[in-house]
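Colleague: The lines below spell out each chain.
There are 6 protein chains.
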Amino acid sequence: MKIAVYPGSFDPVTNGHLDVIKRSAKVFDKVIVGVLDNMAKKPLFTPDERVDMIKKVASDIENVEVYAFSGLLVDFMKQFDSAVIIKGLRTISDFEYEFQMALLNKSLNPDVETFFMMTDSKYSYISSSMVKEVARLGGGIDEFVPCDIIKEIDKKIKNGGHR
Amino acid sequence: MKIAVYPGSFDPVTNGHLDVIKRSAKVFDKVIVGVLDNMAKKPLFTPDERVDMIKKVASDIENVEVYAFSGLLVDFMKQFDSAVIIKGLRTISDFEYEFQMALLNKSLNPDVETFFMMTDSKYSYISSSMVKEVARLGGGIDEFVPCDIIKEIDKKIKNGGHR
Amino acid sequence: MKIAVYPGSFDPVTNGHLDVIKRSAKVFDKVIVGVLDNMAKKPLFTPDERVDMIKKVASDIENVEVYAFSGLLVDFMKQFDSAVIIKGLRTISDFEYEFQMALLNKSLNPDVETFFMMTDSKYSYISSSMVKEVARLGGGIDEFVPCDIIKEIDKKIKNGGHR
Amino acid sequence: MKIAVYPGSFDPVTNGHLDVIKRSAKVFDKVIVGVLDNMAKKPLFTPDERVDMIKKVASDIENVEVYAFSGLLVDFMKQFDSAVIIKGLRTISDFEYEFQMALLNKSLNPDVETFFMMTDSKYSYISSSMVKEVARLGGGIDEFVPCDIIKEIDKKIKNGGHR
Amino acid sequence: MKIAVYPGSFDPVTNGHLDVIKRSAKVFDKVIVGVLDNMAKKPLFTPDERVDMIKKVASDIENVEVYAFSGLLVDFMKQFDSAVIIKGLRTISDFEYEFQMALLNKSLNPDVETFFMMTDSKYSYISSSMVKEVARLGGGIDEFVPCDIIKEIDKKIKNGGHR
Amino acid sequence: MKIAVYPGSFDPVTNGHLDVIKRSAKVFDKVIVGVLDNMAKKPLFTPDERVDMIKKVASDIENVEVYAFSGLLVDFMKQFDSAVIIKGLRTISDFEYEFQMALLNKSLNPDVETFFMMTDSKYSYISSSMVKEVARLGGGIDEFVPCDIIKEIDKKIKNGGHR
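Residue numbers (our numbering), protein chains in the order written: chain A, 1 to 163; chain B, 1 to 163; chain C, 1 to 163; chain D, 1 to 163; chain E, 1 to 163; chain F, 1 to 163.
Chain A with its partners taken away, still in its complex shape (with noise of 0.2 Å):
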């Protein structure tokens, strides 16, 4: 059995975010989401919130688990008998950092193997932050991320976060 892990922030979710958990289903066996639980990058929601809204976003894919986790990349694979990082490319910026650390894996675990997938065109633009950004400028999201999610970024944002 195949099993990719995508991991990432997602602070929150984005529809670009869905996009690449939909189509690589379709490609491996199971897709294990991996929440980061990064502290030091300040993040809106907490780790079991950014869980909990995949989930319900993702709740119709069937082959698909999500986890928060900490420390190194590598060792959370482990845990799942996976060898295949899967990351979304939006820009020649992400390609470049992505690259680095794809190979900073390999040579933290030369098993490991990175997949890059293109984000759809239409999402390109669309990041974390920018929905942040947008909802505390008061802008619209529903554009950027999965409607069953709105109200609670929206709610969110009013609160300030978890800071």
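Don't take each hint at face value.
[To be verified] In silico BS3-like cross-links for lysine-lysine, where the CA-CA straight-line distance does not exceed 25 Å:
id, chain 1, residue 1, chain 2, residue 2
1, D, K42, C, K156
2, C, K132, D, K78
3, E, K30, F, K26
4, C, K122, A, K22
5, E, K30, A, K41
6, E, K2, F, K26
7, B, K30, C, K41
8, C, K42, B, K26
9, F, K106, E, K30
10, F, K26, B, K122
11, B, K22, C, K30
12, B, K22, F, K122
13, B, K132, E, K106
14, C, K2, B, K30
15, B, K42, E, K106
16, F, K22, E, K2
17, B, K122, C, K106
18, E, K2, F, K41
19, D, K106, A, K26
20, E, K42, B, K158
21, E, K26, F, K22
22, D, K42, C, K42
23, F, K2, B, K122
24, E, K122, D, K22
25, C, K41, F, K155
26, A, K122, D, K106
27, B, K42, A, K41
No lab work stands behind these hints: they were computed from the structure.
Chains B, C, D, E and F: place on chain A using the hints.
Modeller: Then chains B, C, D, E and F, alone, in the frame of chain A:
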């Protein structure tokens, strides 16, 4: 009447910015310089100070107006009945970020069009943050900013900004 | 009256080109589409055929005119008293090349200004050469070019072009 | 069974290509190497010679098959019931071109997914055209291609290719 | 005597940095490593600690000297009568930033010349910040930094740095 | 004595090339300009003509010598006991290609080091091919090439080159 909006932080305005203002003012009937009042970026100058500096250095260009704004750029533009955003590009990194912003603004208001102008190559290495860095380290900034505002910048740097 | 020139090979015109024509025609009083008569590039269509195809697909936009030209772009622009070049950007590679061309044109005529527009993300992978390649390999091109000219392209491809 | 197709010119196959074949063969149940029979590119080797060279150097990988193809990639893939394209990326330029190809293939067949793998950094400067250039100039190519095919390349270079 | 200055934060020095030091020391008569004392970046190590680490790992290269500096790089260089800056490049992003810095330094002192060296491809994914991140997450860093300073880094990470 | 080799096609030499020659001649004891005799690129000028033009425009720089060469660059360098390659960079595309060439040369001779210099921003849009294109279209080239060789280029263009 074609009205273009040129948004930015302008903290402080540089020779590169002034070049874009001059060149776009030749093409459009009116150019509105929009000074983004974004406190999250911890600017050195207050929005009012930045507006005043731009007014001073652009005082000889008749069809330019300068205002501070907060909130979404597309909302600011509606006040002036403008559907054209002007942005200067210096580098590939600018290009990527501004492309995403342009797509975002188009999704927030499909009538809005972003036009990119190249920064003149002799200004391609100048940014507001480098001006501040050089001034802080005691270097001369007279090649980077209009001479009318050098004293103002030096004074502010010595006092540590309005933060 | 603000007149912009949109130059290119248009061999053949694509949906991406048509999108730039439509959007720039909303901003400028008149848009001149300049079809470059560059035989060194061994085009599939003659300059006249390319002019006719653009006229056909842009027939519903009032303020657009289409002409072929050879020689320097800055000389072509003088005929129309135009000082604005419009270029569409799809990728970083476009950006680099077009930046150099813009600097070149500015050095040949300092009054000329180049404005870059982003190609809509849904057209970002379409280029004239890919359209020809796909048609040659027997693929459908109806998503890439205006439907009015599909027959013309298919016929020309079968006959091997005017080369 | 997950079947991936790895398309290319392979004129000739390099150590970088072989690395991608090996790594993708660990992840997918079967990897079909598709040798593009594109005469417009004036290849040095015939499609059959290229297929044979790949078969020779990949003979120890069980789940790899090699075929030549012409026409659209998405049509070639249907024969094998494959919906996954594998591409190796070395540089930003690769990235841009391959991104456009991936979007094109997705528009020609929405079920097809492209996965990008990084070329191992030690192969990042190797391309088929550089191998041929170095060999033509009399340099050694044993670091760039599998040793099994060095003689074949040297012989072909001396004879000036099949063109 | 040709004296080159290799400036940076070196927080901490990596195998990639050491590679650039070694290679430039073969070309220039003397190489001055300049450790930037920039507290705004919140370094993990004090400038003195960073100087000591570089001295330790470069102790076998005769024509290398290491000093901390604050203020403008061009002023630091004057002390050594040096007009050559050495910078290592790993990625496009490095390239853009370093290009702007080189132009800035040239405008501050027209006699100063910046030479860029490629980081060896096997070090292309290593940066000081990644070394610190991996060490914080409990990963091994022995492939990334000279072995002489691993203990020092691990100890500092455990103690949370000098901040 | 530190001897650097500056290789290229120089078809013809531009103000950008001359700028790199001048600046590298200040840093190295001797600069050898190597004119690549590559007939596959169908140059406008013969290698001898190109050598003569460079000699003419660099006649006032004492420590510069100019030779044509064919074969591998690393072999050409051995004649002069040189281990340093100088390359000018204008754009990201240059960067990528030159990076690959530098890695290739390092693999062909590990002692060889490539140093990259930025082309002065005022020459960043000038390339030999653009000079030829502008001259062919009847534009003035006096801003792009040293004035000593303008007549020579214009004459050659009228005669259609030595092809």
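Colleague: Would you mind marking each hint as holding or not holding in the structure?
Modeller: Results for each hint:
| no. | hint | verdict |
| --- | --- | --- |
| 1 | D:K42 to C:K156 | 23 Å, holds |
| 2 | C:K132 to D:K78 | 22 Å, holds |
| 3 | E:K30 to F:K26 | 16 Å, holds |
| 4 | C:K122 to A:K22 | 20 Å, holds |
| 5 | E:K30 to A:K41 | 41 Å, violated |
| 6 | E:K2 to F:K26 | 10 Å, holds |
| 7 | B:K30 to C:K41 | 40 Å, violated |
| 8 | C:K42 to B:K26 | 38 Å, violated |
| 9 | F:K106 to E:K30 | 23 Å, holds |
| 10 | F:K26 to B:K122 | 23 Å, holds |
| 11 | B:K22 to C:K30 | 22 Å, holds |
| 12 | B:K22 to F:K122 | 20 Å, holds |
| 13 | B:K132 to E:K106 | 17 Å, holds |
| 14 | C:K2 to B:K30 | 13 Å, holds |
| 15 | B:K42 to E:K106 | 29 Å, violated |
| 16 | F:K22 to E:K2 | 16 Å, holds |
| 17 | B:K122 to C:K106 | 13 Å, holds |
| 18 | E:K2 to F:K41 | 37 Å, violated |
| 19 | D:K106 to A:K26 | 15 Å, holds |
| 20 | E:K42 to B:K158 | 21 Å, holds |
| 21 | E:K26 to F:K22 | 23 Å, holds |
| 22 | D:K42 to C:K42 | 17 Å, holds |
| 23 | F:K2 to B:K122 | 32 Å, violated |
| 24 | E:K122 to D:K22 | 20 Å, holds |
| 25 | C:K41 to F:K155 | 24 Å, holds |
| 26 | A:K122 to D:K106 | 13 Å, holds |
| 27 | B:K42 to A:K41 | 18 Å, holds |
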